[in-house]
Amino acid sequence: MIKNYLKIALKVLSRRKFFTFISLFGIGVTLMVLLVATALLDYVFAARTPEVHADRMLGVYRLTMQGPDDTETTQPGYAFLDRWVRPMTKLPSVERIAFVTEAQTAISYLNGRKIESAMRRADGEFWRVLDFDFLEGGPYTAADDEAGRFVAVINETTRERFFGGQPAVGKTIEADGQRFKVVGVVRDVPVLRYASSADLWVPVTTAKTSAYKEEWLGGFYALILARNHADLPQIKAEFQSRLREAEKHLPDPKTFKRLYAGADTLFEGAARLFLPGGRLEENPGARLRAALLALMLGFMLLPTINLVNINLSRILDRASEIGVRRAFGASSRTLVGQFLIENVVLTLIGAAIGLGLALGVLRAFNVSGLIPHTQFQLNFRIFFYGLAIAVFFGLFSGVYPAWRMSKLHPVQALRGRSA
Amino acid sequence: MIHLQQVSKLYRTDRVETTALDNINLEIGKGEFISVMGPSGCGKSTLLNLMGLLDEPSAGSVALDGQAIDRFGDRALSRVRNERIGFIFQQFHLVPDLSVVDNVEIPLLYRRMSNRERRKAALAAIDRVALSSRTHHFPTQLSGGQQQRVAIARAIVGRPGLLLADEPTGNLDSQMGDEIMGILEDLNQKEGTTIVMVTHDPRMADKTHRVVRLFDGRQVQ
Numbered sequence: 001m002i003k004n005y006l007k008i009a010l011k012v013l014s015r016r017k018f019f020t021f022i023s024l025f026g027i028g029v030t031l032m033v034l035l036v037a038t039a040l041l042d043y044v045f046a047a048r049t050p051e052v053h054a055d056r057m058l059g060v061y062r063l064t065m066q067g068p069d070d071t072e073t074t075q076p077g078y079a080f081l082d083r084w085v086r087p088m089t090k091l092p093s094v095e096r097i098a099f100v101t102e103a104q105t106a107i108s109y110l111n112g113r114k115i116e117s118a119m120r121r122a123d124g125e126f127w128r129v130l131d132f133d134f135l136e137g138g139p140y141t142a143a144d145d146e147a148g149r150f151v152a153v154i155n156e157t158t159r160e161r162f163f164g165g166q167p168a169v170g171k172t173i174e175a176d177g178q179r180f181k182v183v184g185v186v187r188d189v190p191v192l193r194y195a196s197s198a199d200l201w202v203p204v205t206t207a208k209t210s211a212y213k214e215e216w217l218g219g220f221y222a223l224i225l226a227r228n229h230a231d232l233p234q235i236k237a238e239f240q241s242r243l244r245e246a247e248k249h250l251p252d253p254k255t256f257k258r259l260y261a262g263a264d265t266l267f268e269g270a271a272r273l274f275l276p277g278g279r280l281e282e283n284p285g286a287r288l289r290a291a292l293l294a295l296m297l298g299f300m301l302l303p304t305i306n307l308v309n310i311n312l313s314r315i316l317d318r319a320s321e322i323g324v325r326r327a328f329g330a331s332s333r334t335l336v337g338q339f340l341i342e343n344v345v346l347t348l349i350g351a352a353i354g355l356g357l358a359l360g361v362l363r364a365f366n367v368s369g370l371i372p373h374t375q376f377q378l379n380f381r382i383f384f385y386g387l388a389i390a391v392f393f394g395l396f397s398g399v400y401p402a403w404r405m406s407k408l409h410p411v412q413a414l415r416g417r418s419a
Numbered sequence: 001m002i003h004l005q006q007v008s009k010l011y012r013t014d015r016v017e018t019t020a021l022d023n024i025n026l027e028i029g030k031g032e033f034i035s036v037m038g039p040s041g042c043g044k045s046t047l048l049n050l051m052g053l054l055d056e057p058s059a060g061s062v063a064l065d066g067q068a069i070d071r072f073g074d075r076a077l078s079r080v081r082n083e084r085i086g087f088i089f090q091q092f093h094l095v096p097d098l099s100v101v102d103n104v105e106i107p108l109l110y111r112r113m114s115n116r117e118r119r120k121a122a123l124a125a126i127d128r129v130a131l132s133s134r135t136h137h138f139p140t141q142l143s144g145g146q147q148q149r150v151a152i153a154r155a156i157v158g159r160p161g162l163l164l165a166d167e168p169t170g171n172l173d174s175q176m177g178d179e180i181m182g183i184l185e186d187l188n189q190k191e192g193t194t195i196v197m198v199t200h201d202p203r204m205a206d207k208t209h210r211v212v213r214l215f216d217g218r219q220v221q
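So the sequences go chain by chain: A and B.
So the first sequence is residues 1 to 419, counted in the numbering used here.
So the second sequence is residues 1 to 221, counted in the numbering used here.
FYI, nobody ran anything at the bench for these hints, they're computed from the structure.
Some hints could be false.
With a Cα cut of at most 30 Å, we get these calculated BS3-like pairs of lysine-lysine [what the hints assert, rightly or not]:
hint : chain 1 : residue 1 : chain 2 : residue 2
1    : B       : LYS120    : A       : LYS3
2    : A       : LYS90     : A       : LYS236
3    : A       : LYS90     : A       : LYS213
4    : A       : LYS7      : B       : LYS120
One-sided and incomplete, this derived list gives chain A residues near chain B with beta-carbon spacing under 10 Å [unchecked claim]:
hint : residue
5    : LYS7
6    : LEU10
7    : LYS11
8    : VAL12
9    : ASN228
10   : ALA230
11   : ARG325
12   : GLY329
13   : SER331
14   : THR334
15   : HIS409
16   : LEU414
Computed from a predicted structure; not experimentally measured.
Glycine included, each C-beta is placed from N, C-alpha and C at the ideal position.
Could you put together the complete structure from these sequences and hints?
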């Protein structure tokens, strides 16, 4: 039965070549854009080095202090995290917690040449929450951080820039007026990984002043590694309860009354950052997910309408066939199935074209170096998403025409009338 | 086999009401070969559509093998059409995108059977109408008579007890018409298939067991 449907589907497509070309082009370009977007989102949010445990990792990336006249939103400060987040390490569901600063530009001078690097200060736990790919040496430890040792982990780009690609462990690197001994070299991390990427990482305690220890707002992230993915809701709830408690101990209770933050996944963290009003929500991820879905559907609307129109115009072409099928025992439901299969076949061909185009676009992205250290790929997961999108698209654009076709009265259809 | 009791069919539009069939009572026994005659627009095709469950009467009832089908839903009607009725149309209504064998297989697509069984039955039906040499041709590569033979093969492939033929020879020259008529007579005589055939041609009607005549939607014979 399916074979017969496929034969018909391909023949129908070849009947009106121009319309088929327009349809396939529309579907192909639409799916190409969606695949590229999916690849991008996958690159930013999926579990990959160094966030290999992204499925059981939460972060406190944003903190908002709100008062009657003033609201401030930025990264949390060390003092806030130290007092209200670090004790969560004792929870049985939490494996460990790391503190790391946002990446900041550090200036170095090498042979009279100025070099700008993205530098983060991170504690020893940072290297155990995340799983970097070490090319040389290893991470510094919690003991190094506590002792304020001037050690650094650098990425391979930094090794290239400072040491011409030669082994760097044991050598000294100067950044922001401080000198660090290189203990490890890691593979480059794309800048899209906003919680981890940098050119060099040094201990928190090497900061030039200890003022950060008093600040509730500014510069730091906390990364919380849960023991299991299933523990995340409980950790999020615990964080919210601690946040309510923290509100009672605000450093400036006259100016600020409320605190807003979340223990967020990477996706939720981005939502809190980019969605209007996201900073005040307990779970902004759901809204971002809905927004992306709406955007995707909106983007698919135009080619869908085009496809629906073409399909409707084909009803008249196929009236006789529909009449024959009805006469020989096809129920309305069977006909709906047949036309949906045909439409899905069309969209799958479009998807194959879209996949090819997406591969080309991603390759161009990679070659252009537009986003540093990034090598977009179409992996199996993205291919699966693409397939799901194509099938959904096929069903979405096929249901109404299929329903209209199946409702044709057999006698009218055999007379070659569509209504 | 089929029983029509006080069957009427009205077509209504915003302005007019047309009576296509008026109080038809007709009993057709198993194994009969009946022709339906009458001038154009007298309701012959409407009668055939009602017998074939492609349309519903406005009044009266239709029973097939003693079973009233008035309250059957879409799926049940589809199953009855699929298993018990075969259609032959004046315009052949072959699907141009499908080969002869794929066209003949259509009724079997809606039955539970393997591809191999389906193909075997379709080839046998094609052989029955002496078109085995054209199995993989497409309809546009065939003459009118050959196309109608494919349509007959499609109608009989599911071995229905009732064949409804709407002017099966209407688009064919007399020689091809005779060939088609020969196949229908053969099916009726050798396999006991009940056949109801609409025709304008008295020569063809003479070859059937009984003639039902309609005039302005009424049965006059």
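We went through each hint and held it up to the structure:
1. The suggested pairing of B/LYS120 with A/LYS3 holds, with an alpha-carbon distance near 16 Å, which does not exceed 30 Å.
2. At roughly 15 Å between alpha-carbon atoms, A/LYS90 and A/LYS236 fall within 30 Å of each other, so this suggested pair holds.
3. With a CA separation close to 21 Å, the supplied pair A/LYS90 and A/LYS213 stays within the 30 Å bound.
4. Proposed proximity of A/LYS7 and B/LYS120 is supported: the alpha carbons are some 19 Å apart, at most 30 Å.
5. Interface restraint check for A/LYS7: the shortest CB-CB distance to chain B comes to about 7 Å, inside 10 Å, so the restraint holds.
6. With a cut of 10 Å, the hint placing A/LEU10 at the interface with chain B holds, because the nearest CB-to-CB distance is about 9 Å.
7. The beta carbon of A/LYS11 comes within 3 Å of a beta carbon in chain B, closer than 10 Å, and the hint placing it at the interface holds.
8. A hinted interface residue such as A/VAL12 counts as satisfied when its beta carbon comes closer than 10 Å to some beta carbon of chain B; here the least separation is about 7 Å, so the hint holds.
9. The criterion of a C-beta within 10 Å of any C-beta in chain B is not met by A/ASN228, whose closest approach is roughly 47 Å, and the hint is violated.
10. Of the supplied interface hints, the one on A/ALA230 is violated, with its beta-carbon coming no nearer than about 44 Å to a beta-carbon of chain B, more than 10 Å.
11. Interface restraint check: A/ARG325 against chain B, minimum CB-CB distance 7 Å, threshold 10 Å, status holds.
12. Taking 10 Å as the C-beta cut-off, the interface hint given for A/GLY329 holds, the closest approach to chain B being about 2 Å.
13. Interface hint at A/SER331: satisfied, since its Cβ lies 4 Å from the closest Cβ of chain B, which is below the 10 Å cut-off.
14. Below 10 Å, beta-carbon pairs count as interface contacts, and A/THR334 has one with chain B at about 6 Å; its hint therefore holds.
15. Nearest Cβ of chain B to the Cβ of A/HIS409: about 8 Å, under the 10 Å cut. The hint holds.
16. A hinted interface residue such as A/LEU414 counts as satisfied when its beta carbon comes closer than 10 Å to some beta carbon of chain B; here the least separation is about 6 Å, so the hint holds.
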